[in-house]
Amino acid sequence: MIAAEPVTRGLIAPTDVLAIDNLQVSYRSDRGEVKAVGGVTFGLKPGERLGLVGESGCGKTTTALAIMRLIRPPGRIVGGRILLRDGASETDLASLSDERMRRTRLSEVALIPQGSMNSLNPVKRIGDHFADSIQAHERRVSDSEIRDRTSEVLKMVGLRDSTARLFPHELSGGMKQRVCIALSITLSPKVIIADEPTSALDVVVQRHVMETLGAVQQRLNAAVILVGHDMGLLAQFVDRLGVMYAGKLVELAPIRNLFENPLHPYTKLLISSLPTLEQRGTFRGVPGLPPSLLNPPVGCLFAPRCPSVMERCTLETPPLQEVTPDHWAACHLY
Amino acid sequence: MTWKLLGKRFGMFLIVIWGAATLNFFLPRLAPGDPIRERLFALSTQGGLTQTGVEEMVASYNARFGLDLPLWQQYLNYLVDMLRFDFGYSLAMFPAQASDLIFDALPWTVGLLLVTTIISFVLGTLLGALIAWPRSPKWLEYLAAPMLTLAAIPYYLLALVLLYVLAFSWKWFPLSGGYTTGTQPNVSLEFWWDVLKHSILPALSIILAAVGSWAIGIRGMMISTNGEDYMTFAEARGLRGNTMFFRYGLRNAMLPQITSLALSLGHIVSGALIVEVVFTYPGVGSLLYNAIKGADYFVVYGVVFMVVLALGFATMLVDLAYPFLDPRIRS
Amino acid sequence: MGTILVGQAAPAADAAMPTVRRHIGIGTYLKRNPKLVAGLILFGSLLVFSLLGPLFIDTELARPMSAMPSQPPSSTYPFGTDDQGRNLLAVAVVGLPLTLQVGLIAGLVAIVLGTVLGLTAGYVGGVTDMLIRGICDILLTVPGLVVLITVAASIQGAISVQMMALVVASLAWMWPARTIRSQVLTLRERAYVQMAKLSGMKTPEIIFREIMPNLLPFLAASFVGSVAAAILASIGLEALGLGPQNEPTLGMTIYWAISFNAVIRGMWWWLTMPIVAIVILFISLFMISAGLDEIANPRLRKVSS
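Chains as they are written, first to last, in the numbering used here: chain S, 57 to 390; chain Y, 2 to 332; chain L, 4 to 308.
I should point out that these hints are in silico values taken from the structure, not numbers from a laboratory. Idealized CB from N, CA, C, for every residue including glycine. Check before you lean on any hint, since a few could be wrong.
For lysine-lysine, the following BS3-like pairs were computed, each having C-alpha atoms within a straight-line distance of at most 30 Å [unchecked claim]:
id, chain 1, residue 1, chain 2, residue 2
1, Y, K9, S, K180
2, S, K211, S, K246
3, Y, K139, L, K34
4, Y, K172, Y, K198
5, S, K101, S, K324
6, L, K38, Y, K139
7, S, K211, S, K180
8, S, K180, Y, K5
If you want the footprint, here are the derived chain Y segments under chain S, 3+ residues with CB under 8 Å [to be verified]:
id, stretch
9, 227-236
10, 318-329
Sequences are here, hints too, so could you generate the full structure?
Rendered as structure tokens:
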């Protein structure tokens with residue numbers, strides 16, 4: 057069942073493969089609850105590439121990890137649903153048992169990790185990583201089958217068979233990240249969550265890895281959530297982009313709409329801070345600091361930094377509403 | 002592993018042994034006066050039955066340290082003797098050779114400590130890792146406190162308590178020795194049973210105290226390993242808990258512990274000194290203790306040399322085995 | 004094209020790691036570190052016992068032949084007496100401070116030596132570092148207890164409590180030196196140290212104003228560790244009869260109890276006093292060091308889910 061709130065109904069369609077419904081994640085600290093993700097709602101269409109962007113601490117990575125149920129104490133999911141749909145059936149990942157969640161990971165929803173440099177077990181050969189993944193989900197798989205499937209996915213990310221015999225420290229950063237992509241698609245998941253998959257790589261390698269990810273996504277026809285802080289990189293890759301600020305989604309729109317007609321003042325500032333060829337050298341950021349997520353104030357959390365702030369902004373929290381078709385923003389201006 | 006590396010490591014081992022032997026040679030000469038001569042002199046003035054023995058010992062002593070040969074030649078002779086494990090006569094138990102006494106005691110000590118060290122390493126490592134594992138059952142944490150407390154107590158104190166309660170008050174175990182006095186060591190099943198009964202209390206006190214310190218060591222390592230990206234990614238790939246615990250977590254957290262294990266194994270030769278004394282166990286520890294009390298210098302230096310040898314050997318083995326445990330070292 | 008980063012320059016709080024490092028009152032802090040508190044209370048009570056003890060009991064009673072020998076605990080002799088006629092309560096009052104003294108002197112010498120060498124090696128680097136590290140590594144493989152035994156055996160009899168401490172300290176400084184060196188190595192690369200360097204601060208100033216304050220919790224933990232190790236070593240030597248022959252330290256009491264067959268004679272009280280005192284001492288030191296460890300290394304802190 058999908059919540060009957062009008063807002064939610066529009067953000068999530070019945071055809072979505074993944075529907076995040078009012079997800080909330082909190083961290084316990086000595087001074088109270090830190091609301092890292094404060095009610096995020098969005099849907100992921102089949103085969104879609106959705107981007108999540110925001111500055112560090114905005115909750116984008118926490119959202120990604122929460123979908124995989126990988127939030128570690130003192131953090132925990134305090135509310136909301138994570139609906140994974142397969143045809144007519146629907147599972148709420150947030151309420152799944154630990155064992156069933158374990159089996160869902162990789163086979164249905166896979167993660168491409170952020171710290172690719174360190175994401176592989178240093179004492180195991182690459183091939184063993186694939187064997188571990190397959191054996192964790194399927195019983196009685198022969199060694200030769202594992203080998204065949206490993207070389208198949210390695211080929212898909214542009215790596216040779218012989219890579220399977222190497223240790224992680226024998227690979228370059230780009231190769232490691234390709235291995236991570238290959239690992240995450242071993243069981244052909246329907247949803248792939250890529251958490252800043254290129255943040256540790258240099259620009260040229262970044263591009264190759266993104267191309268690989270794109271090719272793999274098309275081949276599997278999987279839906280991808282790409283988390284990142286690099287607007288330029290995201291703009292080239294995604295179909296839709298969600299902008300997060302202080303644990304909330306503030307704008308969500310197809311990538312073209314978002315760049316041509318940004319609605320939320322924060323998005324506007326972000327886009328205007330992108331350097332262009334004409335004005336090289338001048339660097340403009342978004343002035344001010346993000347608010348503390350410990351006991352956040354009422355009203356719009358961006359208000360203290362907002363150039364178009366109104367009295368209403370500090371009194372009422374703006375909901376995410378559809379301003380123009382398919383273009384959502386959480387701002388009292390609209 | 003190249004032969005060159007192997008040769009290099011073996012060369013280092015030889016240098017350490019040579020250093021220890023050299024120290025053993027010069028230490029007694031640096032001491033004010035000459036404790037060994039004094040001791041021999043004291044023995045010879047006692048006269049009586051040991052007279053001939055003392056003459057022989059003085060002769061042997063002179064041959065080793067005497068002034069009739071130039072220093073470098075004495076030193077070379079000494080090194081050759083060391084290679085043959087010839088440490089000279091025991092001053093207290095003449096005509097026994099120091100090396101004979103040491104080799105008689107060695108099996109007792111190695112038998113006791115090899116078993117207890119391995120048991121406590123395996124148990125402690127598993128328990129410590131489980132305590133650090135976030136998905137362990139809650140009750141393990143209640144186990145943690147008493148175990149860590151045991152680790153904070155010197156193990157010979159534990160030995161004294163066990164001895165008093167289990168052997169003296171409850172008479173479950175024999176009070177002392179490695180076997181029942183009066184029996185002759187042999188290979189019968191009965192004798193082995195006797196040895197086993199005698200070794201349980203010393204073993205128990207060593208294990209109880211050592212398990213905790215292994216657990217503390219691995220706990221810290223396991224906590225930092227749990228924070229590694231490869232653990233998160235393993236969980237994200239839906240790996241089973243067992244796979245993650247043993248082959249991702251423990252396998253990596255254990256690496257630094259291996260060096261400590263080697264050092265402990267190397268220390269085996271010196272015995273669990275005070276525990277052996279408490280139980281009058283016929284091992285190297287008791288031998289060393291009696292040698293110190295009886296100023297039996299050749300035995301003391303012999304034991305010290307053996308300890309350095311064992312330690313050097315154990316650390317060499319670990320250095321050579323480490324590349325197989327940690328592939329990052331291989332290249 | 005270049006990379007365009009959103010707000011990476013802003014020193015923002017990462018949501019995954021909420022900011023907890025603010026100024027918290029020392030009371031709140033101790034409340035969150037029950038190990039440290041319990042350890043300090045235990046250690047404090049031992050100190051109080053050894054400081055106030057002499058006011059309530061005549062320390063002369065710790066001498067042999069001052070009481071009826073081999074008496075089990077009674078109202079006259081709360082801890083009993085040994086077979087030499089020492090009142091074991093008096094022995095506790097005299098022996099505990101002696102043992103603490105050995106531990107504190109040896110621990111202090113070890114930590115000062117270790118800090119100086121570790122700081123020098125870590126901060127100066129180069130040949131100096133190689134030399135200091137090399138010496139530490141070699142000395143660390145030397146079987147400490149055996150060397151101590153050899154040394155103690157050759158100066159046997161004449162050894163005093165202070166000499167005992169120095170003998171123990173001579174082999175206790177390598178471990179602190181090594182761990183402090185590696186701490187300094189990571190601290191040296193921190194941004195604030197680099198800033199200090201760029202702003203023209205002199206080396207001693209950097210060491211004392213930038214590095215030392217950040218090293219303090221770590222030094223405190225190492226100090227407690229060294230004290231515990233020194234007490235362990237000294238009690239070990241004493242239990243083998245290699246300690247000061249005329250001072251009734253806790254270790255010597257154990258030695259006498261073993262030598263005079265306290266176990267077979269059923270004189271449990273002779274062993275109980277030193278064992279209980281040593282166990283309390285070690286547990287308190289262990290808890291203090293575990294508590295300090297949690298300050299120096301926050302990851303060890305237990306997370307409540």
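What hints, given by number in increasing order, does this structure fail? Of the numbered hints given earlier, the structure breaks none, since each of them holds.
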